[in-house]
Amino acid sequence: MLEIKNLHVKLADEDRVIINGLNLSVKAGEVHAIMGPNGSGKSTLSYVLSGREGYEVTEGSVTYKGEDLLAMEPDVRASKGVFLAFQYPIEIPGVATMQFLKVALNSQKKARGEKELSTPDFMRLVKERAARLNISPDMLKRPVNVGFSGGEKKRAEILQMAVLEPALCVLDETDSGLDIDAMRVVADGVNSLRSPDRAMIVITHYQRLLDYIVPDQVHVLSKGRIVKSGDKSLALELESRGYAEFESEAA
Amino acid sequence: MNVIVPKTAAELNYGLSLPHRKMEDWRWTDLRQLIDKPYPARQTVAASAKDVDRLLKSSPFAKVAGARVVFVNGHYSVEHSQLKNEHLASRVKIDEPIINMNAAFATDGARLKISGTADTPIELLFISTNADARTIATRNVIEIEKGASATLIETHVGEGSYLSNSVTEINVGEGARLDRIKVELEATEAIHLSHTHFTLSKNTVLNDFTLTSGAKTNRQNGTVEFKGQGTDAKVSGAFMLGGKQHADTRLLIDHQVPHCTSRELFKCVVDDHARGIFQGKVVVQRDAQKTDGKQSSHALLLSETAEFDAKPELEIFADDVVCGHGATSGDLNHDHLFYLMSRGISAAEAKSLLIAAFVGEAFDVIVHEGIKDALVKFSNKWLSQHRSGRA
Chain A
1 MLEIKNLHVK
11 LADEDRVIIN
21 GLNLSVKAGE
31 VHAIMGPNGS
41 GKSTLSYVLS
51 GREGYEVTEG
61 SVTYKGEDLL
71 AMEPDVRASK
81 GVFLAFQYPI
91 EIPGVATMQF
101 LKVALNSQKK
111 ARGEKELSTP
121 DFMRLVKERA
131 ARLNISPDML
141 KRPVNVGFSG
151 GEKKRAEILQ
161 MAVLEPALCV
171 LDETDSGLDI
181 DAMRVVADGV
191 NSLRSPDRAM
201 IVITHYQRLL
211 DYIVPDQVHV
221 LSKGRIVKSG
231 DKSLALELES
241 RGYAEFESEA
251 A
Chain B
1 MNVIVPKTAA
11 ELNYGLSLPH
21 RKMEDWRWTD
31 LRQLIDKPYP
41 ARQTVAASAK
51 DVDRLLKSSP
61 FAKVAGARVV
71 FVNGHYSVEH
81 SQLKNEHLAS
91 RVKIDEPIIN
101 MNAAFATDGA
111 RLKISGTADT
121 PIELLFISTN
131 ADARTIATRN
141 VIEIEKGASA
151 TLIETHVGEG
161 SYLSNSVTEI
171 NVGEGARLDR
181 IKVELEATEA
191 IHLSHTHFTL
201 SKNTVLNDFT
211 LTSGAKTNRQ
221 NGTVEFKGQG
231 TDAKVSGAFM
241 LGGKQHADTR
251 LLIDHQVPHC
261 TSRELFKCVV
271 DDHARGIFQG
281 KVVVQRDAQK
291 TDGKQSSHAL
301 LLSETAEFDA
311 KPELEIFADD
321 VVCGHGATSG
331 DLNHDHLFYL
341 MSRGISAAEA
351 KSLLIAAFVG
361 EAFDVIVHEG
371 IKDALVKFSN
381 KWLSQHRSGR
391 A
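In order, the protein sequence lines correspond to chains A and B.
In terms of the numbering used here, the first sequence opens at residue 1 and continues consecutively.
In terms of the numbering used here, the second sequence opens at residue 1 and continues consecutively.
One chain only, chain B, in its complex shape (with noise of 0.2 Å):
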């Protein structure tokens, strides 16, 4: 039986369905209730060079990148990118209600082909300026081509209230190796939703990792297909959450083909009234024997009103696997406090040092120094900004 049930405004605005909690996948991102007033797409909204440069400069990998692919309020920036794009088809269809939305609004998108070695980090930025509500768009289309290596980032900041989606197509070719970075810095008020597809073709490495600290409501889903043996997906991320922040993550590991071997670790920071998410599929098919995969999520509530809500989930088909899955929540160790506390750290720097301590794990993934580095400062600054004058 089907309910009607009148459209919302942004519904309406869309001409779109947008998800809601009676959806499986979406019972804690409940769209029709988050996106509570219409983002009107395809507007065309003048960029003040002043404003470009402050949030170039926002960027954590200003001085870390090589070369910079700049996207404007959803179009191509030739003033400020060193790399071209290329003409690549995108290829990810899915009836998904972020990849959707996406395909009806998408305005523009980094479309890169890599070959070879790629010795500096490139980075993909994406900038929203103050401008009234709207939806900015863009399809990304990345091929590491047979053989090839490199690094890439990902970095989302704005200013203003928008909603921000962003779907990202990455096919990474024969033995060829992929360090991903993303960081989600959106504006305080702005929406982030996005889709980052892997396809990974045999032999080939992929370390990814994701910061999600900026918008009030983000939702990004990952999924990484295993289309060839002997492949190595590591996928971490870290959550810095704070006032009333809710940010979830939905990720589908498929195991399609034997021998490879999938990490997944996230480490959620949440204070205040902020909610985190970690919703982890690992789906290993009938004929992906002799798969490693496991995956685990951590929490660090930081207070009595922050949420963390975990759902592992697996589904194995094969029988000769090693699959495993683990979530922890709670607040910051009593007996690490005192023993750094009874050295004369204050409580608040003690519970600074923990925090980073805890997130820091999942920098691990990162093998880029330099990237690494940028993190972790970002992380101190969070800190520092975030708990001043707390104990």
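Chain A on its own, in the form it takes in the complex (with noise of 0.2 Å):
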């Protein structure tokens, strides 16, 4: 489903490099966990594959389902299935919740030329998905993010994930902020969106979450490259050893 190639991505107005040759690879029905320190480049991933304007790629390529991922708007991105759960969802004001999912659910429908929902269709369906993550009505009455709590920024993500239903989840410290009820509730809904036709990258900093929502393959990100994949043992004996020696070995 995506093939990430020889990546490498700078700051678009400086010169720093933040991924330098990265390769993955991930197969549909695949959860994939991306760890790493801080500063690794695991955000700017996730932002240049939902297509952030601020990174410039300079070599390499990302092909999903065989497109040139790059070469796309964001909103085309999304359309064709790729999601990217926020590590910090942005507070939109005097945009409302709902209104937001049914513009972005039917866009998506619209690009893809299939049938729109209508509005009783479209509020059963997130009344539905809303009521497993525990969110209220009242949230839901909001503007999109304003005022939620951190915990509730989270579930609003992965709400939004559960109603538009992407082929390619990438979820970006999902885990950050949030206390083991809370993850608890999230990593259930990542789970239930689990399915053979999708794929997850999770990005984390924390082997936690991997107890919830078990990955196939863990990778190891440093200075810009994975250094290191495994299977789930691999987050266990980061969890005990840390990073300090993948830091010294990508040095």
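Since the hints were made in silico from the structure, they are not lab data.
Every residue gets a Cβ at the ideal spot worked out from N, C-alpha and C, and that includes glycine.
It is possible that part of the hints are untrue.
Estimated spans, in silico, between C-beta atoms of each pair [unchecked claim]:
| no. | chain 1 | residue 1 | chain 2 | residue 2 | range |
| --- | --- | --- | --- | --- | --- |
| 1 | B | V322 | A | R194 | 53 to 63 Å |
| 2 | A | N191 | B | A118 | 50 to 60 Å |
| 3 | B | Q385 | A | K115 | 25 to 35 Å |
| 4 | B | D331 | A | S176 | 26 to 36 Å |
| 5 | B | D309 | A | R132 | 44 to 54 Å |
| 6 | B | Q33 | A | E56 | 42 to 52 Å |
| 7 | A | E53 | B | A118 | 50 to 60 Å |
| 8 | B | E361 | A | E114 | 31 to 41 Å |
| 9 | A | R132 | B | D331 | 33 to 43 Å |
Combine both chains into one complex, guided by the hints.
So, in structure tokens, the structure goes:
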């Protein structure tokens, strides 16, 4: 589903190189965890996949379902099934959450040539998905992410994912700022979306999220490239030994 | 030393001097230049029923208003009005260019006395039909009587090239409440000059909102005089400007007595080569202790050539007050845009959503849901017409 080859990324208005020869192959149905210390390039990778401005790809390629992902605008990527759950979801005053979700879902459907959802069908869908994530109707009445607590924002991201049903989910530090109970709710939400047609990239600093969302593969990112890959036991190993050895290895 | 400046054609035509940029209040709106040709006053123009009907329907509030008072080309229309004009004398006498022009040329105007609780909105609708360029001036006097409560809409629509001069005096009696919504949707070739003068008695509530989106040149003056304690006034506005439109709003909030609250919020969307100006002055006179006044203006500039000028002023002579002002201008927030696009929303639609959200904040002052809905609909229509095909 996703093929990243020799990816090099620098900041657009600085010379600083963030991703430095990254290779990653993710197949449908798989869950890949990307772990690494702060500053290793984890968030940059998520932004480059979703098309945020401010980054420049100097070398390499990202192929998604056989197409050049990097050539697409962010909205096109989304309608083709790429979803980023933000580490810091953005508050948008004045834009109602339900309106936002409906415009997003129907924009994607329109772009794919599918039939748009009627308002009643849409309401039913959101209510049903929201209930599973303990999201109150009151939260849905507020503007996008405005006044949400840290945990509410993360749940709202997973709700968007559950409503939009993307093919490739990139979760950027979805566990940060969550207590154990909130993490369980979020992880259950993510696990319920696991399917043979869907791939996930779970970016995290800590191993604990991976107790709940069990990955097929774990990669260690350091200084912009993957320095070690393994199965879920690699995450446990990192938890006990830390990232120090990889930082020196990459240097 | 008096410098003799030759009169412009328009000034000769009027027999009046026009304000110009050397006058502090008019530095951005030089009417000597902007009134580019004569607009003869007191012209009698017959309007066809078809034109009037079309313009009546063009008001965003066609379905919301309970009763209408309609003026066609500056004259009260018996046929289209549900309320009768009363005999009310004009009381505001200020030496000010727009008011002076109005005093010289006004042909008619709404004279309404409102008592009790008016359940449905009353719409004052000013229609100008397409004809040779001319000045159409109306003088309106509205009395909201003691303890009364009313929702008043003032709508200006038109076709063709004309200068509309509208002066409105509104007295809000003790314990009364007024929700007022003004919508300026004059023809694209029109000039709109107005002055609205509020006099607020004690324990009154004023919620005022003005949408400015029509006319090539627009200058609106507003004065709010606080004459009685315990009064609360909210004055909001939105500009939606494109092309080469020029809109200048000058607001004077005059706190003369203690224990009053004022809030001003203006949200200005300026695109293309348009220019928006907000001059807001809050005066707190020496006796007006415990005044709580806040004013802010925010502009969203959608093109490199759009311009917004803000001149906030505070003049405080009392020593126990809370007052503040703020002004910002900028373009759309790129993080917001990216977030919306990352969910599959196109750049054009994401921008429209954000612009609507920006402007919508100024609608919050409007209590009447039907009116608010009509304005949201208008702003969406403006966005889809104005921004279609752009990213």
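Here's how the hints hold up against the structure:
| no. | hint | verdict |
| --- | --- | --- |
| 1 | B:V322 <-> A:R194: 53 to 63 Å | holds, 55 Å |
| 2 | A:N191 <-> B:A118: 50 to 60 Å | holds, 58 Å |
| 3 | B:Q385 <-> A:K115: 25 to 35 Å | holds, 27 Å |
| 4 | B:D331 <-> A:S176: 26 to 36 Å | holds, 30 Å |
| 5 | B:D309 <-> A:R132: 44 to 54 Å | holds, 51 Å |
| 6 | B:Q33 <-> A:E56: 42 to 52 Å | holds, 47 Å |
| 7 | A:E53 <-> B:A118: 50 to 60 Å | holds, 52 Å |
| 8 | B:E361 <-> A:E114: 31 to 41 Å | holds, 34 Å |
| 9 | A:R132 <-> B:D331: 33 to 43 Å | holds, 39 Å |
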